[in-house]
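Protein chains: 2
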Amino acid sequence: MASGRVFLVGAGPGDPGLLTVKGRRVLEHADAIVYDRLASPRLLGYAKPGVSLYYVGKVADDHTMPQRDIEQLLISLARAGRNVVRLKGGDPFVFGRGGEEALALAKADIPFEVVPGITSAVSVPAYAGIPVTYRDVSPSFTVVTGHRSTEGLELDWNAYAKLSDTLVVLMGVRQLPRIVAGLLTAGKSPTTPVALIRWGTRAAQRTLVGTLEDIAETVRQTRFQSPAIIVVGDVVSSRDELSWFESLP
Amino acid sequence: MASGRVFLVGAGPGDPGLLTVKGRRVLEHADAIVYDRLASPRLLGYAKPGVSLYYVGKVADDHTMPQRDIEQLLISLARAGRNVVRLKGGDPFVFGRGGEEALALAKADIPFEVVPGITSAVSVPAYAGIPVTYRDVSPSFTVVTGHRSTEGLELDWNAYAKLSDTLVVLMGVRQLPRIVAGLLTAGKSPTTPVALIRWGTRAAQRTLVGTLEDIAETVRQTRFQSPAIIVVGDVVSSRDELSWFESLP
Chain A
1 MASGRVFLVG
11 AGPGDPGLLT
21 VKGRRVLEHA
31 DAIVYDRLAS
41 PRLLGYAKPG
51 VSLYYVGKVA
61 DDHTMPQRDI
71 EQLLISLARA
81 GRNVVRLKGG
91 DPFVFGRGGE
101 EALALAKADI
111 PFEVVPGITS
121 AVSVPAYAGI
131 PVTYRDVSPS
141 FTVVTGHRST
151 EGLELDWNAY
161 AKLSDTLVVL
171 MGVRQLPRIV
181 AGLLTAGKSP
191 TTPVALIRWG
201 TRAAQRTLVG
211 TLEDIAETVR
221 QTRFQSPAII
231 VVGDVVSSRD
241 ELSWFESLP
Chain B
1 MASGRVFLVG
11 AGPGDPGLLT
21 VKGRRVLEHA
31 DAIVYDRLAS
41 PRLLGYAKPG
51 VSLYYVGKVA
61 DDHTMPQRDI
71 EQLLISLARA
81 GRNVVRLKGG
91 DPFVFGRGGE
101 EALALAKADI
111 PFEVVPGITS
121 AVSVPAYAGI
131 PVTYRDVSPS
141 FTVVTGHRST
151 EGLELDWNAY
161 AKLSDTLVVL
171 MGVRQLPRIV
181 AGLLTAGKSP
191 TTPVALIRWG
201 TRAAQRTLVG
211 TLEDIAETVR
221 QTRFQSPAII
231 VVGDVVSSRD
241 ELSWFESLP
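So the sequence lines, in the order shown, correspond to chains A and B. The first sequence begins at 1 in our numbering and counts up by one. The second sequence begins at 1 in our numbering and counts up by one.
Keep in mind that the hints were calculated from the coordinates and are not lab data. For clarity, every value in this text was computed on a predicted model and none was experimentally measured. Beta carbons are placed, not taken as given, at the ideal position from N, Cα and C, and that holds for glycine. Mixed in with the good hints there might be a few duds.
Claimed, not checked - Non-contacting residues of chain B with respect to chain A, defined by C-beta distances greater than 10 Å in every case (computed):
no.: 1; residue: K48
no.: 2; residue: R82
no.: 3; residue: R97
no.: 4; residue: P116
no.: 5; residue: P131
no.: 6; residue: S140
no.: 7; residue: V173
no.: 8; residue: T185
no.: 9; residue: T191
no.: 10; residue: W199
no.: 11; residue: A204
no.: 12; residue: R206
Claimed, not checked - Incomplete in silico selection of chain B near chain A, CB under 7 Å:
no.: 13; residue: L18
no.: 14; residue: R42
no.: 15; residue: Y46
no.: 16; residue: I110
no.: 17; residue: Y134
no.: 18; residue: S138
no.: 19; residue: P139
no.: 20; residue: T145
For reference, chain A alone in the conformation it holds in the complex (with noise of 0.2 Å):
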């Protein structure tokens, strides 16, 4: 039998429209659909009648099913002739392991496609008012996982600080003590601004925002929850003007 296809999709930050039309396409098309726990359920919706779904959720650290499964899960399926969507939040290739799926896909010569999404590092930062780039003020930014540090591997705080620019850190709430102290270790200015954006690009969407010196201390007293995006820079003081999710009618 020939080998079914596999679409590694983008699911987008949660707001549904933030799907690619080609996204669209390919979920209504698929006979299977491999997903983690989605900002957005309804992305289902666009599946075709009959189709086999496979709910692998990762939440958080705690991964559902291991991920030599999941990349062993889409190998058979495809082996079995199906056209198969692996769905996941955000970009495929921002975080969430679909590297690793790509390369299982390779060595077991499965054919595959990557249909990238929207990332949630630039577009909850958008939703909450906040440009990642802005003229003059921030030519650069970089994106960062907080959650790795939870792996014993810590970050280089001192080479983040030297950057003048935005800073996005994606799953970094738990660890946002840790950050915050790094970062003013290697000399970042403690009136640097920041923001942590909780639901973003979604209805819930919940922002807050401080400074690199009493954020810490405010997500304490606010019981501000994970999980959320922090952004540390400048342009976070474009949001006195720019936030317009927040203020829609």
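Go by the hints and put chain B onto chain A.
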């Protein structure tokens, strides 16, 4: 008359399938579309009959219409009660001056929304088989514009060289020798893999691979031309196994 609304819409990197579902919807309803030179002119085909089109094309440094005039155009169209789409390549807030346009609209009290687009910084490497993040290899990525150097604002390559992870440079081909020299002087290994990707996500996509040591010379010899995206970092090696788009039948 009630003011119209302006949608700052990201057109994505070139493959028209990478427009978002929401982007398509607002294009279909727009009374006026103000657009740059697009990687994918086909997107204008979504517009309704009678739509007013305004080409304000930006070709690298050569702005057909000054930025202030573009902002004024958006404001007057909205004040005339029209629903306006400002269509930009990639994502409106990843370079491309979307932040400035949003600010001009905010100051003029024009309601606006941002519809993020697939940024070429992540999707073009993905189409070349390069995940910008990869577990244990690259837990972060930085996106910078090479364009800035042309304005005499030299980037601090020293800080970027300190980051061991992926560096993506947009609009940097003409500056390649300076970028390479900056990174090498700052201590980046000469054997660090580098890829240049031209016409990313389009049928004509072409990728050139080398190292920091030899890439500038290879570009010269092959007369590889801008515009192209530069990726620096170990993830470039993934391409050997993950290149999928360039081998599609």
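Report task. Output the numbers, in ascending order, of every earlier hint that fails for this structure. Result -> 3, 4, 5, 6, 14, 15, 16 and 18
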